[in-house]
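2 protein chains.
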Amino acid sequence: MIRPAPLVEAIEPMTPFIGPEELMRETGRSSLVRLGANESAFGPSPRAVTAMAAELERLAWYGDPESYELREALARKHGCRVEEVLVGAGIDDLMGLAVRAFVAPGAAALTTRGSYPTLNYHVNGYGGRLVYAHYRTDGRLDLDELVTVATRERAALIYLANPDNPSGTFVDRNEMQRFFEAMPHDVVFLLDEAYADFVDESSLLPMHVEDRLIRTRTFSKAYGLAGARIGYAITTERVIGILQKIRLHYGVNRNAQIGALASLSDEPFRRHVVESVAQAREDYYALGRELGLGSIESFTNFVCIDLGDPSRATAVMNALLRDHGVWIRKPGLPPLDRYVRVSAGTPPMREAFAAAFRDVVSAVPSLHA
Amino acid sequence: MIRPAPLVEAIEPMTPFIGPEELMRETGRSSLVRLGANESAFGPSPRAVTAMAAELERLAWYGDPESYELREALARKHGCRVEEVLVGAGIDDLMGLAVRAFVAPGAAALTTRGSYPTLNYHVNGYGGRLVYAHYRTDGRLDLDELVTVATRERAALIYLANPDNPSGTFVDRNEMQRFFEAMPHDVVFLLDEAYADFVDESSLLPMHVEDRLIRTRTFSKAYGLAGARIGYAITTERVIGILQKIRLHYGVNRNAQIGALASLSDEPFRRHVVESVAQAREDYYALGRELGLGSIESFTNFVCIDLGDPSRATAVMNALLRDHGVWIRKPGLPPLDRYVRVSAGTPPMREAFAAAFRDVVSAVPSLHA
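These protein sequence lines are chains H and U, in that order.
Position 27 (the first sequence) corresponds to 27 in the working numbering; numbering is contiguous.
For the working numbering, add 1000 to where a residue sits in the second sequence, where the first one is 1.
Chain H on its own, in the form it takes in the complex (with noise of 0.2 Å):
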């Protein structure tokens, strides 16, 4: 009889997120309208496909394990060196990473209840403590909080991610770095900047390296390469030193190197798409408003509308499903379970959204009506 390590041994089962192609599957649809993780209906950047459709032939080749080439343009772009950057599969594999590195089995690990679950996934998996700040009731982190329990909790870690994800909020410039001075200097502050590329460079906190922060980017958004698997993260070179102890060195994808790197050059086509979500965000809220229903004002490439209760936002999500095949998502905790979120589409897209939400949402009364 074999047995798990007591640590593996004693984590409770959890699946993060359940997929379009699992909901497929149950439903018996072929097909759905893709609004529910925030991938880009805008695709990869034509650049980034002929580069990669160019090097098919060549992935019987391991990618380069330091992806150096990538490193470098992206040392460029965000001003730091090279021996700052780190390539992972996503960000999800970069904070599986830190997670590992730096929160010993219970340990205090900090995020904010309802925020994203795979921080939580990585937390449990390697024996830490979650601890919890919770949103305010507008839907807005709450870094006073947060100071707060890292210092009561002895956090050895604090997550963050801003812009946010499931809420869509933002933290500027100004009080995020209030907050980076405010919490205690002995916790590594992981800030996932997976949206970041949808705000101003200028609003988020300046890039500059040290040991307390490890910053991570993707290419999941607004380059339109989630199903690649490639982020990065950007901290010091001791920090780094200590995450190539434990990464898996041939664990990206060269063709999503290949891709990532034309991506960096098509900086036309990121415009673009930041444009297109723009404009999406700016239908959902109008849509909301016809439906006499409010929104959360985002910064990121999905909006939340309010349906007023958590029941009444679950069966909008199922229904729209069930009867129209349109795959959104929602926010499982309070304050924010009573919205549901949805990513930016095409306009064809937003516009099968738009048909599906008016029919559902008056179909599925208020509790509160």
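Check each hint, because a few of them may be wrong.
Said to hold, decoys possible - Listed next, the stretches of chain U that the computed footprint assigns to chain H, with coverage defined by at least 3 CB atoms under 8 Å from CB atoms of chain H:
1. 1016–1025
2. 1041–1053
3. 1100–1113
4. 1180–1192
5. 1240–1248
Since the hints were made in silico from the structure, they are not lab data.
Glycine included, each C-beta is placed from N, C-alpha and C at the ideal position.
For chain H, the structure is supplied; the task is to place chain U on it using the hints.
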């Protein structure tokens, strides 16, 4: 001042492999004859390339986190259930999961000294205790010693690659079955079958599932998709349930799943690769004989050629890179460290290697000459 978790702090830095891109940067070469990493010189299946090319635009979508279609095809191929197949980002990824799940800090993991070093990397990384059996002087695995050491050290996991890397030797079905029965039954047997496609399925341990057996396979070798990072494990639903608790659910590239699925349908291509590889091995044996050098009979897509002593083997490997841009590797530890290991190339690559090898071998004298 931030501090890593004690277990991570204690890890000695170790890079399992230096990639050819790094060697190109160091030597200032813009290309190499790549015969060092047992990549397939015969590329991916044209069917896989076509399938992946058609889906590049949809790389904005995350891949199915369950890899369901691929697992279905693999279950059909191997006559097992879909719940008994787990897809990961290459065997390295799956190996990390198996070690994390079954080798608690301080527990013993047994391998053959000088065999595939990524296993050692993971055991190190999760705080396990590496214990070793030794290769026999003929380059074969010592199954008796593996059983003795596993019993004495109360190993939690035994790792073995069959066919073996870097020796290329093979343990056939009957011998493997005796070994599997002789080892303590509370040990997880991690059977790495990365090179299984180069031998007849009928000569391998029969396909069956039980908790104490995790076998891994890959699309990196015969299927020519090393850069895609995709492999799979076959074991019981119970063991997969344990690995599910810790795996990176969105870790596999979407296009890798598509390429792997298409590859499975192209059995003529795989046979063509296997035959081409067999011819390459014959060419390498013949080249060795011409130069008075023995080779280990190989059941893989590489051959170990005997240079007589470790320093000569190292000098030959280095001269091939430096003077000819021919990249090979060599085993690092006795008794295999007097060999160089050459991957099966295309006929032009073999010619380039042969010309360079003749030149270098005659220029680097044997210590015993």
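So, going through the hints one by one against the coordinates:
1. 1016–1025: holds (count 6)
2. 1041–1053: holds (count 7)
3. 1100–1113: Three-residue rule met by the stretch 1100–1113 of chain U, so holds; n is 7.
4. 1180–1192: The restraint on the stretch 1180–1192 of chain U holds, since 4 of its residues have a Cβ under 8 Å from chain H and three suffice.
5. 1240–1248: Per the Cβ count (6), the hint holds.
The structure shown violates none of the earlier numbered hints.
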